[in-house]
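Colleague: One-letter residues, chain by chain:
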Amino acid sequence: MRILVVGGGTAGTIVANNLARRLTAETRAGKVRITLLSASDRHMYQPGLLYVAFGHMTPDQLYRDEASLLEPNIDFHVDPVTKFNLDKNQVLTAGGKTHDYDILVIATGSRMVPEETPGLNEGAEFFYTEASAVKMFKRLREFQGGKVVVAVGVPHKCPIAPVEVMFMLHDYFTARGIRDKVQLKYHYPIGRIHTIENVAIWAKPEFARIGVETETLFNIKEVDVKNKILKSEEDTEVPYDLLIVIPAHRGMEVLERDNLGEGGWIPTDRFSLAMKGRDNVYVVGDTTNLPVSKTGSAAHFQAETLAENIASIVKIGAPVRDYDGKVYCFIEAGHDRATYAMFNYQNPPDLKPPSKPMHWFKLSYNQMYWTSVRGLL
Amino acid sequence: MSEMRIIDARDTFCPGPLMELISYMKRASVGDEFELLSTDKGSINDIPEWIKKVGHEMLSSEQVDGVWHIKVRKAK
Ligand SMILES: Cc1cc2nc3c(=O)[nH]c(=O)nc-3n(C[C@H](O)[C@H](O)[C@H](O)COP(=O)(O)OP(=O)(O)OC[C@H]3O[C@@H](n4cnc5c(N)ncnc54)[C@H](O)[C@@H]3O)c2cc1C
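As you go down the protein sequences, you meet chains A and B in turn.
Position one of the first sequence corresponds to residue 1 (our numbering), numbered consecutively onward.
Position one of the second sequence corresponds to residue 1 (our numbering), numbered consecutively onward.
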């Protein structure tokens with residue numbers, strides 16, 4: 001049995017490690033081969049980018065060598081897939097190799113696409129890549145006052161980041177002693193300030209307390225870079241001195257090219273995580289089209305479920321459980337406090353009051369992540 | 001006219017039905033139609049509110065066995 005995992009990020013690494021541990025005897029006996037293909041030899045802890053954007057971490061602290069995170073019985077190659085040939089149970093790679101599989105797991109993640117919105121690349125700061133987070137920090141450092149506008153594209157990964165960035169901006173400018181010279185304005189695509197109702201209810205008075213103005217039903221259309229104006233699909237406009245945007249995302253280009261899913265989002269069964277219409281292809285993490293938050297946490301819970309199921313398919317010929325939609329998100333709430341939201345398909349998120357211990361737990365998790373992707377946590 | 005496509009946003013809290021609809025509408029062409037399935041009672045207000053504000057078209061909405069079926073057309 002040849003199991004091929006494509007993508008060495010949060011989801012792919014957890015699937016591969018979890019499978020490798022469950023199938024140690026089978027791989028040793030040569031009955032099962034687990035291959036992992038990725039586009040990079042390094043693994044980035046992406047949530048750390050938010051800290052880089054505020055000067056709390058440097059980029060080198062976000063990386064580990066992917067090979068150092070993997071079980072020895074995983075055959076790992078840095079060789080990105082350039083063609084998915086699902087009818088032949090085959091992928092082709094940039095290095096010119098062909099990999100045949102019996103079971104395929106696609107975990108190629110998502111990417112921001114600011115280039116699809118006129119003026120965004122020229123006019124806005126981002127923090128969703130290493131280079132943009134470093135650039136944003138330098139802009140914040142030189143900023144002496146004026147109107148900071150934050151806006152959000154759809155869809156995007158880490159739905160809690162827009163709220164967190166407001167608390168961090170408030171804390172950052174307060175620490176520099178220029179908070180009174182800075183206006184903070186937050187824009188959100190739907191009719192309340194966060195898509196999770198409990199988060200919206202909690203954040204509203206918190207934003208009022210720290211002096212964040214809000215505008216809802218605001219979907220980014222374009223940026224007039226010359227006049228420093230952000231325009232919305234709803235025909236409203238907002239002038240800015242510093243524009244910070246979480247741009248809309250897509251899945252990887254190769255998936256769109258090979259018609260695996262519109263926007264690079266692969267149609268996926270919400271319980272079995274099988275690609276719709278295929279019984280030997282599974283999808284985990286950001287690249288599913290599931291109506292579930294694109295978070296490392298969802299990727300983690302999906303990956304654990306899927307690895308257990310694939311191991312069971314190998315051992316007893318059937319999967320053993322469904323993904324229940326579970327997500328657990330930390331929420332940095334400023335002032336060294338944090339809270340969290342946990343939910344699944346059936347239970348809405350319940351929000352606890354922010355606390356300092358929760359913030360320390362989040363800071364420890366920034367390190368514990370590495371244990372978690374190894375599949376040990 | 002292109003065929004009506006279904007967006008299954010039942011039992012979701014994040015990103016939620018309206019965010020799902022916005023994603024699909026962004027990638028669609030003018031004239032494309034969607035039927036959004038939602039179990040969130042808020043959808044019956046927030047979806048028409050957004051559709052009206054942005055200038056798209058509401059076609060219909062009805063509740064069948066606890067699921068809202070909301071049909072919309074991209075108008076611009
Ligand atoms: C600023 C920021 C803050 C965040 N904060 C949080 C948070 O607080 N909590 C949380 O849960 N999540 C958070 N996230 C989201 C989280 O990082 C992602 O949701 C998670 O990494 C998704 O995992 P994934 O495996 O689907 O994709 P990724 O981890 O992005 O991995 C994708 C992998 O696929 C590889 N790949 C791409 N193309 C190919 C190809 N063609 N062939 C082979 N391999 C390929 C890439 O090299 C990469 O290794 C945050 C993200 C950002 C950017």
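In case anyone wonders, no lab produced these hints; they're calculated from the structure.
Just so you know, these numbers come straight off a predicted model, no measurement behind them.
The C-beta atom is built at its ideal place from N, Cα and C for all residues, glycine as well.
Mixed in with the good hints, there may be bad ones.
What the hints assert, rightly or not - If we take Cβ atoms under 8 Å as the criterion, some of the chain B residues that face chain A in the derived model are:
(1) Ile6
(2) Cys14
(3) Pro48
(4) Glu49
(5) Trp50
(6) Lys71
What the hints assert, rightly or not - Here are the computed lysine to aspartate or glutamate pairs in the DMTMM-like style, where the Cα-Cα straight-line distance is at most 20 Å:
(7) B:Lys26 x A:Glu116
(8) B:Lys53 x A:Glu237
(9) B:Lys76 x A:Glu253
(10) B:Lys26 x A:Glu256
(11) A:Lys326 x B:Asp65
(12) B:Lys26 x A:Asp180
(13) B:Lys53 x A:Glu215
(14) A:Lys147 x A:Glu71
(15) A:Lys147 x A:Glu115
(16) B:Lys26 x A:Glu253
(17) B:Lys76 x A:Asp180
(18) B:Lys52 x A:Glu215
(19) A:Lys356 x A:Asp324
(20) B:Lys76 x A:Glu116
(21) A:Lys221 x A:Glu234
(22) A:Lys226 x A:Asp79
Colleague: All the hints need checking, so say for each whether the structure fits it.
Modeller: Hint-by-hint comparison with the structure:
Taken as an interface hint, B:Ile6 does not check out: its beta carbon lies about 11 Å from the nearest beta carbon of chain A, beyond 8 Å. The interface hint given for B:Cys14 is met, as the beta carbon of that residue sits about 5 Å from the closest beta carbon of chain A, less than 8 Å. Here the hint on B:Pro48 is broken, as its CB sits about 11 Å from the closest CB of chain A, past 8 Å. Hint status for B:Glu49: holds, given a least beta-carbon distance of 6 Å to chain A, under 8 Å.
Interface restraint check: B:Trp50 against chain A, minimum CB-CB distance 6 Å, threshold 8 Å, status holds. Of the supplied interface hints, the one on B:Lys71 is violated, with its beta-carbon coming no nearer than about 18 Å to a beta-carbon of chain A, more than 8 Å. Annotation: proposed proximity of B:Lys26 to A:Glu116 holds, straight-line Cα distance about 11 Å (limit 20 Å). As the CA atoms of B:Lys53 and A:Glu237 are separated by approximately 14 Å, the hinted pair is consistent with the 20 Å bound.
Distance restraint check for B:Lys76 and A:Glu253: the Cα-Cα separation of roughly 26 Å exceeds the 20 Å cut-off, and the hinted pair is therefore not satisfied. Distance check on the hinted pair: B:Lys26 and A:Glu256 sit about 16 Å apart at the alpha-carbon level, within 20 Å; holds. For a cut-off of 20 Å, the pair hint linking A:Lys326 to B:Asp65 is broken: about 25 Å separates their Cα positions. Distance hint between B:Lys26 and A:Asp180 is unfulfilled; the C-alpha atoms sit about 37 Å from each other, more than 20 Å.
Of the supplied pair hints, the one linking B:Lys53 and A:Glu215 holds, its CA atoms being roughly 13 Å apart against a limit of 20 Å. Restraint check for A:Lys147 and A:Glu71: the C-alpha separation of about 49 Å exceeds 20 Å, so the hint is violated. This hinted pair does not check out: A:Lys147 and A:Glu115 have alpha carbons roughly 24 Å apart, beyond 20 Å. The straight-line distance between the Cα atoms of B:Lys26 and A:Glu253 is roughly 17 Å, inside the 20 Å bound, and the hint therefore holds.
Straight-line distance between C-alpha atoms of B:Lys76 and A:Asp180 comes to about 41 Å, which puts the hinted pair past the 20 Å bound. Pair hint B:Lys52 plus A:Glu215 holds up; C-alpha atoms about 17 Å apart against a cutoff of 20 Å. With a C-alpha separation of about 30 Å, the suggested pair A:Lys356 and A:Asp324 falls outside the 20 Å cut-off, and the hint is violated. Proximity of B:Lys76 to A:Glu116 is assessed by CA-CA distance (about 17 Å); at most 20 Å being required, the pair is judged to hold.
The suggested pairing of A:Lys221 with A:Glu234 holds, with an alpha-carbon distance near 9 Å, which does not exceed 20 Å. This hinted pair does not check out: A:Lys226 and A:Asp79 have alpha carbons roughly 42 Å apart, beyond 20 Å.
Comparing the model with each earlier hint shows violations of hints 1, 3, 6, 9, 11, 12, 14, 15, 17, 19, 22; every other hint is respected.
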